[in-house]
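Enquirer: Make a model of the complete structure from these sequences and hints.
Listed here are the chains, written in short residue letters.
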Amino acid sequence: QQPVQSPQAVILREGEDAVINCSSSKALYSVHWYRQKHGEAPVFLMILLKGGEQKGHDKISASFNEKKQQSSLYLTASQLSYSGTYFCGTEHGGFKTIFGAGTRLFVKA
Amino acid sequence: EAGVAQSPRYKIIEKRQSVAFWCNPISGHATLYWYQQILGQGPKLLIQFQNNGVVDDSQLPKDRFSAERLKGVDSTLKIQPAKLEDSAVYLCASSVGTIGYQETQYFGPGTRLLVL
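These protein sequences, in sequence, are chains C and P. As numbered in my numbering, the first sequence has no gaps in its residue numbers, which increase by one up to the final residue, 109. As numbered in my numbering, the second sequence has no gaps in its residue numbers, which increase by one up to the final residue, 1116.
Bear in mind the hints are in silico, worked out from the structure with no lab data behind them. Errors might be hidden in some of the hints.
[Stated by the list, open to error] Straight-line distance between alpha carbons at most 20 Å, and here's what the computed PhoX-like set of lysine-lysine pairs gives:
{"no.": "1", "chain 1": "P", "residue 1": "K1011", "chain 2": "P", "residue 2": "K1083"}
{"no.": "2", "chain 1": "P", "residue 1": "K1044", "chain 2": "C", "residue 2": "K96"}
{"no.": "3", "chain 1": "P", "residue 1": "K1015", "chain 2": "P", "residue 2": "K1078"}
{"no.": "4", "chain 1": "C", "residue 1": "K59", "chain 2": "C", "residue 2": "K96"}
{"no.": "5", "chain 1": "C", "residue 1": "K55", "chain 2": "C", "residue 2": "K67"}
{"no.": "6", "chain 1": "P", "residue 1": "K1044", "chain 2": "P", "residue 2": "K1071"}
{"no.": "7", "chain 1": "C", "residue 1": "K37", "chain 2": "C", "residue 2": "K26"}
{"no.": "8", "chain 1": "C", "residue 1": "K96", "chain 2": "P", "residue 2": "K1015"}
{"no.": "9", "chain 1": "P", "residue 1": "K1044", "chain 2": "C", "residue 2": "K26"}
{"no.": "10", "chain 1": "C", "residue 1": "K50", "chain 2": "C", "residue 2": "K26"}
{"no.": "11", "chain 1": "C", "residue 1": "K37", "chain 2": "C", "residue 2": "K50"}
{"no.": "12", "chain 1": "C", "residue 1": "K37", "chain 2": "P", "residue 2": "K1044"}
[Stated by the list, open to error] Listed next, with one range per pair, are the computed distances between beta-carbon atoms:
{"no.": "13", "chain 1": "C", "residue 1": "D17", "chain 2": "P", "residue 2": "A1020", "range": "42 to 48 Å"}
{"no.": "14", "chain 1": "P", "residue 1": "R1016", "chain 2": "C", "residue 2": "G15", "range": "48 to 54 Å"}
{"no.": "15", "chain 1": "C", "residue 1": "V4", "chain 2": "P", "residue 2": "P1061", "range": "23 to 29 Å"}
{"no.": "16", "chain 1": "C", "residue 1": "D17", "chain 2": "P", "residue 2": "E1014", "range": "45 to 51 Å"}
{"no.": "17", "chain 1": "C", "residue 1": "A109", "chain 2": "P", "residue 2": "P1061", "range": "41 to 47 Å"}
{"no.": "18", "chain 1": "C", "residue 1": "Y29", "chain 2": "P", "residue 2": "S1018", "range": "36 to 42 Å"}
{"no.": "19", "chain 1": "C", "residue 1": "Q2", "chain 2": "P", "residue 2": "A1020", "range": "26 to 32 Å"}
{"no.": "20", "chain 1": "P", "residue 1": "A1020", "chain 2": "C", "residue 2": "A27", "range": "37 to 43 Å"}
{"no.": "21", "chain 1": "P", "residue 1": "Q1059", "chain 2": "C", "residue 2": "E16", "range": "33 to 39 Å"}
{"no.": "22", "chain 1": "P", "residue 1": "E1068", "chain 2": "C", "residue 2": "K55", "range": "35 to 41 Å"}
{"no.": "23", "chain 1": "C", "residue 1": "D17", "chain 2": "P", "residue 2": "G1053", "range": "34 to 40 Å"}
[To be verified] To give an idea of the chain P side of the interface with chain C (calculated C-beta under 10 Å), a few residues:
{"no.": "24", "residue": "I1013"}
{"no.": "25", "residue": "L1045"}
{"no.": "26", "residue": "S1058"}
{"no.": "27", "residue": "E1103"}
Positions of the beta carbon are idealized from the N, C-alpha and C atoms, including for glycine.
Expert: Here's what the structure looks like:
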């Protein structure tokens, strides 16, 4: 079951914040976040391994709410380089990572 | 450290032809993944290897797709015969593979396939 990402797309001005959500109808064991720029391969951002975990580096962070079966990615003070498509990937106790359809983020000057 | 290598980068074929893609994972990575990414969608796992054994191939259309990972290093993915709906980017990824899940996946640049 593919995780649902919201919003599907967002446009920001430089310096604004954004939140991208990822929710699943099945119990989550872990959540991955990747960013993909147009025509390039997805690049790993972070992985959250247990409920309640929060991670971040630079101005990008994420949280994992195991009970609600969802994760959120927070982008603070966005930069032009943040533009791209953000994918969450969920694991449900097996080996397979299931990716969402992506959230397209566009940051303009 | 060299990344995941894939070739070719682009391929155009006609329907019913066959095509093969090659992937060389990061050195020492035990797990190798093949994903299909259709335009505007997220990557969909086709097959996952741990060393040279298949961990998951539940979404691989086995009537036309095949993959192998001989000697547990590089891998090839083949489509025979190709259909129009196979037009996509085929991404290869690898991970250290000590446990086979909950691991960072490193993606290659992908092969863009267009089936006419």
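Enquirer: It remains to establish, for every hint, whether it holds in the given structure.
Expert: Here's how the hints hold up against the structure:
For a cut-off of 20 Å, the pair hint linking P/K1011 to P/K1083 stands: about 14 Å separates their Cα positions. This hinted pair checks out: P/K1044 and C/K96 have alpha carbons roughly 10 Å apart, not beyond 20 Å. Of the pairs offered as hints, the one joining P/K1015 and P/K1078 holds, with about 14 Å between alpha carbons and a cut-off of 20 Å not exceeded. Distance hint between C/K59 and C/K96 is unfulfilled; the C-alpha atoms sit about 29 Å from each other, more than 20 Å.
At roughly 18 Å between alpha-carbon atoms, C/K55 and C/K67 fall within 20 Å of each other, so this suggested pair holds. With a C-alpha separation of about 25 Å, the suggested pairing of P/K1044 with P/K1071 is violated against the 20 Å cut-off. This hinted pair does not check out: C/K37 and C/K26 have alpha carbons roughly 29 Å apart, beyond 20 Å. A distance of roughly 30 Å separates the Cα atoms of C/K96 and P/K1015; the hinted pair therefore is violated under the 20 Å criterion.
Restraint check for P/K1044 and C/K26: satisfied, since their Cα atoms lie roughly 18 Å apart, inside the 20 Å limit. For the suggested pair C/K50 and C/K26, the alpha carbons sit about 15 Å apart, so the restraint of at most 20 Å is met. For the hint linking C/K37 to C/K50, the alpha-carbon distance of about 28 Å lies beyond 20 Å, and the restraint is violated. A hinted pair counts as satisfied when its Cα atoms are at most 20 Å apart, and C/K37 with P/K1044 qualifies at roughly 18 Å.
For the pair C/D17 and P/A1020, the supplied restraint of 42 to 48 Å holds, since their beta-carbon distance comes to about 45 Å. Checked against the hint of 48 to 54 Å, the C-beta distance between P/R1016 and C/G15 comes to roughly 53 Å, which is consistent with it. In this structure the supplied range 23 to 29 Å holds for C/V4 paired with P/P1061, their Cβ-Cβ distance being about 25 Å. For the hinted restraint 45 to 51 Å between C/D17 and P/E1014, the CB-CB distance of approximately 48 Å keeps it satisfied.
Take C/A109 and P/P1061: their Cβ atoms lie about 44 Å apart, and the range 41 to 47 Å holds. Our hint of 36 to 42 Å for C/Y29 and P/S1018 holds, since their Cβ atoms are close to 38 Å apart. Taking 26 to 32 Å as the suggested C-beta distance range, the pair C/Q2 and P/A1020 conforms, at roughly 28 Å. Between P/A1020 and C/A27 the Cβ separation comes to about 38 Å, which falls inside the hinted range of 37 to 43 Å.
P/Q1059 and C/E16 have their C-beta atoms about 37 Å apart, which keeps the hinted 33 to 39 Å range intact. Here the CB-CB span from P/E1068 to C/K55 is close to 36 Å, well matched to the stated 35 to 41 Å. Taking the beta carbon of each, C/D17 and P/G1053 are about 45 Å apart, not inside 34 to 40 Å as hinted. Interface hint at P/I1013: violated, since its Cβ lies 20 Å from the closest Cβ of chain C, which is beyond the 10 Å cut-off.
Against a cut-off of 10 Å between C-beta atoms, the interface hint on P/L1045 holds, since the closest Cβ of chain C lies about 6 Å away. Here the hint on P/S1058 is kept, as its CB sits about 8 Å from the closest CB of chain C, short of 10 Å. For P/E1103, the shortest C-beta to C-beta distance to chain C is roughly 8 Å, which falls under 10 Å, so the interface hint holds.
Figure legend: structure checked against the earlier numbered hints; hints not met, in rising order: 4, 6, 7, 8, 11, 23 and 24.
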